[in-house]
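Undergrad: Residue numbers (my numbering), protein chains in the order written: chain D, 1 to 103; chain G, 1 to 252.
Honestly, the hints are just simulated from the structure, not real lab data. Honestly, I wouldn't trust all of these hints.
[To be verified] Mimicking DSS-like on lysine-lysine, the simulated pairs with C-alpha atoms at most 30 Å apart in a straight line are: (1) D:Lys61 x G:Lys123; (2) D:Lys86 x G:Lys111; (3) G:Lys123 x D:Lys38.
[Stated by the list, open to error] Some chain D residues flagged as far from chain G (calculated, every beta-carbon gap over 10 Å): (4) Tyr6; (5) Ile11; (6) Phe24; (7) Gln34; (8) Ala39; (9) Thr41; (10) Phe68; (11) Pro74; (12) Val75; (13) Ser78; (14) Thr79; (15) Ala83; (16) Lys86; (17) Val89; (18) Ala91.
This structure is a prediction, so every number in the text was calculated from the model and none was measured. Glycine included, every Cβ here is placed at the ideal spot set by N, Cα and C.
So you can see what is in the structure, the chains are spelled out below.
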Amino acid sequence: MIITSYILMIIGAIFLALGGFGVFRMPDVYNRIQAGTKATTLGAFALILGVGFAEPSWFLKIALIIVFIAITNPVGSSTLARAAYKSGVSATLLQKQKEGEDK
Amino acid sequence: MKQVVSILLVLAVGFFIFSALYFPNQGDSAFDSYGEVDLDERVSSSFIDKNVTGENDEVVFGESANLEDGSANYVTSVIVNYRSFDTLGEVTVLFISAFGVGLLLSGRRKKQAFAHQPNFILKYGARLVFGIMVIFGVYMFSHGHLAPGGGFPGGAIIAAALLLLYLADNDFRAKMKAFKVTEGIAGSIYVILGLLAIVIGGYFLMNFLPTGIVGTIFSAGLIPIIYVLIGLKVGSEIAGIVDSFLTVEVEK
């Protein structure tokens with residue numbers, strides 16, 4: 001049981017770290033949003049499930065937290081992406097800027 | 001006329017405060033001089049005589065029963081038991097500020113329109129999250145005597161859930177009358193419990209119910225009841241403030 005929880009926590013930590021790295025490294029808003037959503041959702045799920053396996057009496061609360069993250073994370077990022085699109089952020093903006101610098 | 005009345009009121013209150021503070025030896029003053037107080041008649045002496053090594057037994061979580069206070073959370077036992085009157089004042093302060101906001105921003109009001117319509121995902125996602133937030137708020141104020149939290153943050157979380165719906169849905173508007181009724185009922189039950197404690201125990205807001213076993217949800221006597229009332233009251237007050245700030249007056 002405790003080994004499972006450690007493995008899950010390590011997987012979660014790795015995915016959260018990759019998500020953070022993706023937000024830092026990706027070229028434009030939409031790519032950053034998808035790096036910061038997909039990776040961190042899975043990372044948070046794994047991390048919290050790991051805590052749940054380590055402490056089985058907390059499992060009900062942990063299920064509620066997972067449902068909360070499963071709703072808020074995608075909805076939040078979709079709203080961010082929609083707001084960015086509505087305010088005219090182009091998906092290829094940074095690429096064009098780079099090309100402009102090269103000329 | 002109004003000015004004259006208000007000046008007279010200020011003078012009268014000032015006279016009573018001044019006479020109580022600076023003429024302590026004339027008659028039955030409310031305040032005794034320093035060092036002349038008979039501590040055996042005061043509530044504080046029982047707390048001053050308390051110590052950590054003496055007659056108090058060790059408290060075991062989930063086993064100790066019928067303690068003086070019964071709350072597993074020290075902060076709650078101070079806020080809602082020993083200084084419950086102070087908390088009643090705090091709730092009143094919050095009520096007065098909410099009342100002031102409601103008085104200033106009164107009249108027929110409609111929802112403030114946003115520049116962009118929120119889409120389907122945001123609308124229904126916010127409704128799902130609203131349920132979880134309300135559950136968490138209720139959990140918070142019903143477990144105030146067991147864990148950190150309590151009525152004030154629990155009520156704020158419930159009001160935040162309402163704020164989420166206000167921001168995520170352009171057509172949503174809560175029925176404020178229900179919140180006002182809840183607030184009034186919760187506040188008056190708090191005062192009624194305090195008066196009931198005078199009748200049963202002898203002083204205002206005494207913890208007259210049996211305290212039960214430390215760490216179980218039905219323990220600590222009056223504390224969880226009062227914290228649920230505070231949670232409902234604070235939640236409905238802040239919800240009223242949120243509603244006042246996110247609506248605009250309808251022009252005729």
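Undergrad: If a hint holds in the structure, say so; if it does not, say that too.
TA: Tested hints:
| no. | hint | in the structure |
| --- | --- | --- |
| 1 | D:Lys61 x G:Lys123 | holds, 25 Å |
| 2 | D:Lys86 x G:Lys111 | holds, 23 Å |
| 3 | G:Lys123 x D:Lys38 | holds, 21 Å |
| 4 | Tyr6 | holds, 27 Å |
| 5 | Ile11 | holds, 25 Å |
| 6 | Phe24 | holds, 27 Å |
| 7 | Gln34 | holds, 15 Å |
| 8 | Ala39 | holds, 20 Å |
| 9 | Thr41 | holds, 14 Å |
| 10 | Phe68 | violated, 5 Å |
| 11 | Pro74 | violated, 8 Å |
| 12 | Val75 | violated, 3 Å |
| 13 | Ser78 | violated, 5 Å |
| 14 | Thr79 | violated, 5 Å |
| 15 | Ala83 | violated, 8 Å |
| 16 | Lys86 | violated, 6 Å |
| 17 | Val89 | holds, 14 Å |
| 18 | Ala91 | holds, 19 Å |
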